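S.K.: Listed below, chain by chain, are the residues.
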Amino acid sequence: MSISWPDDIFAELRAARIRQVAYVPDAGHSQLIQRCHADPAMHAVSLTTEEEGVAMLAGAWLGGERGVLLLQSSGVGNCINMLALNQECRIPLLALVTMRGEWGEFNPWQAPMGRATEPSLTAIGVRVYRADTAEAIAETVRAAAMFAFQSYRAVAVLIAQRVIGAKRFEK
Amino acid sequence: MSVSTLDRRAVVARLLRDRGGALVVTGLGGPSYDVAAAGDTPLNFYLWAAMGGAAMMGLGLARAQPGRRVVVITGDGEMLMGLGSLATIAVDAPPNLALVVLDNEHYGETGMQPAHTGRGVDLQGIARAAGFAEATMIRTDAELDALARRLFTAPGPLFATVKVSVDTPPMLLPPRDGAYLRSRFREALLGPEAHR
Chain A
1 MSISWPDDIF AELRAARIRQ VAYVPDAGHS QLIQRCHADP AMHAVSLTTE EEGVAMLAGA
61 WLGGERGVLL LQSSGVGNCI NMLALNQECR IPLLALVTMR GEWGEFNPWQ APMGRATEPS
121 LTAIGVRVYR ADTAEAIAET VRAAAMFAFQ SYRAVAVLIA QRVIGAKRFE K
Chain B
1 MSVSTLDRRA VVARLLRDRG GALVVTGLGG PSYDVAAAGD TPLNFYLWAA MGGAAMMGLG
61 LARAQPGRRV VVITGDGEML MGLGSLATIA VDAPPNLALV VLDNEHYGET GMQPAHTGRG
121 VDLQGIARAA GFAEATMIRT DAELDALARR LFTAPGPLFA TVKVSVDTPP MLLPPRDGAY
181 LRSRFREALL GPEAHR
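Protein chains in written order, with my numbering: chain A, 1 to 171; chain B, 1 to 196.
Chain A extracted, bound-state conformation:
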């Protein structure tokens, strides 16, 4: 298995001219978040809750900049009402979601939102792509970014928990 998939995502974000990165700190995205902070061409903003990022990136696009939202599946639930903005205004959104509650999960409290992630996104009008292997992530992010910014749609890429590895609690 490739261990460089966060680097693959970073390269795709650069190629897609992503300038603003909104995120809630997340173990699965930690390496990618570090790379975004280190890149002077990107402006990375830590949020208190994920729907802040939906609104922020809508503002960014109104102002002519593309952005990406990095979040965990639990955060998708926080975003649902705010996503009306993208749906009604046809404002693009690229969201990269690391999945919890689906593969070897230790924390049972992650299971409900993990189960509800895809149907919730679909219900509010977000197109959902899945990447179930590390090798598939780059091309999936690339296709999602193209669809989002060229077709003015909200697109989420769900990155399988199997790729990230189940969180270990026994330390």
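Calculated from the structure, these hints are not laboratory results.
Since this is a predicted model, take the numbers as computed values, not measurements.
Note that beta-carbon positions come from the ideal geometry of N, C-alpha and C, so glycine has one too.
Covered stretches of chain B (chain A as the covering partner; in silico rule of three or more C-beta atoms under 8 Å from a C-beta of chain A): (1) 56 to 64; (2) 84 to 97; (3) 174 to 184; (4) 187 to 196.
Use these hints to put chain B onto chain A, whose structure you have.
M.R.: Just chain B now, kept in the frame of chain A:
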């Protein structure tokens, strides 16, 4: 808690009188009508939902357009729903962003139910504690004039609560077709780049 006599329409008209090329985002409900009443322009983006998101839209817009002033005009109920965004904005510290809360201490859109802001919750105190460069409370015409002078020039992020009366002016509805609002905004701001 406090009774203000400032008229919200007059407040917004005064604040936006010398807006120049500033970009304006409005929170849903009364502030959208107030800003429309002050003069509709493509560089106003009116929210009709997305409650709690106005300030963060302002942040993304301010970062995308560092050469422009971005002014968010919203209500106290809308701001209360996005309190966390005050922390996020203060930490990111965009120098060209100003937030103005029209605070009538009530939820005007839903039947004038009392809001926390009339019961001791001090939004400008929260903004100041979060770390805003400047956070003020406006209750008089003289203070409003001072804010109007600083709104487009003071180093941000700037926060102001303007206590306004509970009077509800006649409804003046701006366009509510979201795709139209975003297209005209981007075309006015970005020109042909809007379509690339």
